[in-house]
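S.K.: Sequence:
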Amino acid sequence: MESASLENLCVLYHSANYIVVNKHWDIRIDSKMWYEKQTVQSQLKHRFPELADPGTYYGFRFCHQLDFSTSGALCVALKKTAAGQAYRCFKDRLVTKAYLALVRDIVAEEKMTLDFAIGKNTTEGKTHMMCTEGTDGCENPKSCQTELTVLEYGEYDGDPVTKVLLQPQTGRTHQLRVHCSTIGHPIVGDYTYSLRTDNAPYRMMLHAYFLHIPLENEPIHVTAPDPFVPTLDSKWAPQRCVNVLEDLLKSILTKPQTEIQEDPQPVHRRSSPVESEEHQAQCQQWLCEWNLD
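Read in the numbering used here, the sequence shown has 152 at position 152, and its numbers run on one by one without any break.
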């Protein structure tokens with residue numbers, strides 16, 4: 001529960017091509033605002049100044065995104081070719097992710113498939129939000145699915161909550177938060193999708209727990225330690241276990257992974273360290289598709 005700082009960057013995996021960090025819950029990945037000094041970008045530059053690439057805007061290539069208030073596994077590419085390979089895995093939907101969350105009230109069904117198309121909310125005052133198809137002001141909804149599995153029932157600060165494992169089958173902006181809110185179980189501490197009522201907890205209880213990127217030469221397989229345990233947060237009091245997290249993780253790990261197909265005409269741009277506008281736009285499109293939370 002300590003505040004984010006330049007020094008407390010937690011590295012889960014480090015190779016010549018990638019770094020996976022356990023992102024703090026109270027920090028942005030990057031920022032163009034001069035006054036925001038605490039970002040994952042600045043943490044990386046502080047810890048690994050020699051790895052920053054001057055040919056990129058932020059110095060590091062983030063392979064995907066996590067929201068400001070979401071913690072957990074975040075992959076960073078250290079080379080342009082490595083970034084391209086990771087981007088392709090996301091684009092082809094080969095990446096496996098699993099999130100932990102505490103949600104409000106008791107989720108009655110042990111397993112659920114949440115299948116609600118999500119689009120941009122164009123309602124005045126809510127343009128920073130997403131919404132489900134059929135909602136007033138919902139623009140350009142796209143289909144998306146999330147698998148929800150109940151882990152534990154208990155209380156948070158005296159209120160009934162359920163600890164769940166969320167496995168996104170697609171990637172849409174705020175997907176997990178919107179899906180949980182839609183079924184009447186908003187994530188604990190989600191101020192936005194609780195309609196500005198859930199402001200007591202110190203953070204939003206959403207954590208990127210598991211990340212698997214099936215790269216051909218360097219498959220990345222990382223878990224970020226579960227922060228929702230009583231030893232770390234005494235307000236969380238589990239009462240009944242329904243599914244064991246370790247068993248669920250084993251079932252995820254044993255699922256067959258789709259092989260990555262070789263690009264028939266790989267493009268290598270060695271003449272300039274600066275990424276082209278076309279490449280940046282393409283990568284940004286993929287990132288938007290996988291900005292899950």
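Hints listed in this document are in silico derivations from the structure and should not be mistaken for laboratory results.
From the three backbone atoms N, C-alpha and C, an ideal C-beta is built for every residue, glycine too.
Possibly wrong hints are sitting among the right ones.
[Unchecked claim] Cβ pair distances, simulated, as ranges: (1) Gly184 to Ala117: 15 to 25 angstroms; (2) Glu124 to Arg47: 14 to 24 angstroms; (3) Gly184 to Cys241: 40 to 50 angstroms; (4) Val242 to Lys79: 35 to 45 angstroms; (5) Glu155 to Leu195: 21 to 31 angstroms.
[Said to hold, decoys possible] Below 30 angstroms or equal to it, Euclidean Cα-Cα: the simulated DSSO-like pairs (lysine-lysine) are: (6) Lys255 to Lys111; (7) Lys37 to Lys126; (8) Lys250 to Lys111.
S.K.: Indicate, hint by hint, whether the structure satisfies it.
M.R.: Structure-based check of each hint:
Checked against the hint of 15 to 25 angstroms, the pair Gly184 and Ala117 passes, with Cβ atoms roughly 18 angstroms apart. A hinted range of 14 to 24 angstroms for the beta carbons of Glu124 and Arg47 is inconsistent with their spacing of about 43 angstroms. Take Gly184 and Cys241: their Cβ atoms lie about 23 angstroms apart, and the range 40 to 50 angstroms is violated. Our hint of 35 to 45 angstroms for Val242 and Lys79 holds, since their Cβ atoms are close to 43 angstroms apart.
Between Glu155 and Leu195 the CB atoms are about 22 angstroms apart, so this pair conforms to the stated range of 21 to 31 angstroms. The hinted pair formed by Lys255 and Lys111 meets the criterion: a straight-line CA distance of about 18 angstroms does not exceed 30 angstroms. For the given pair, Lys37 sits about 28 angstroms from Lys126 by alpha-carbon distance, which is consistent with the 30 angstroms threshold. This hinted pair checks out: Lys250 and Lys111 have alpha carbons roughly 17 angstroms apart, not beyond 30 angstroms.
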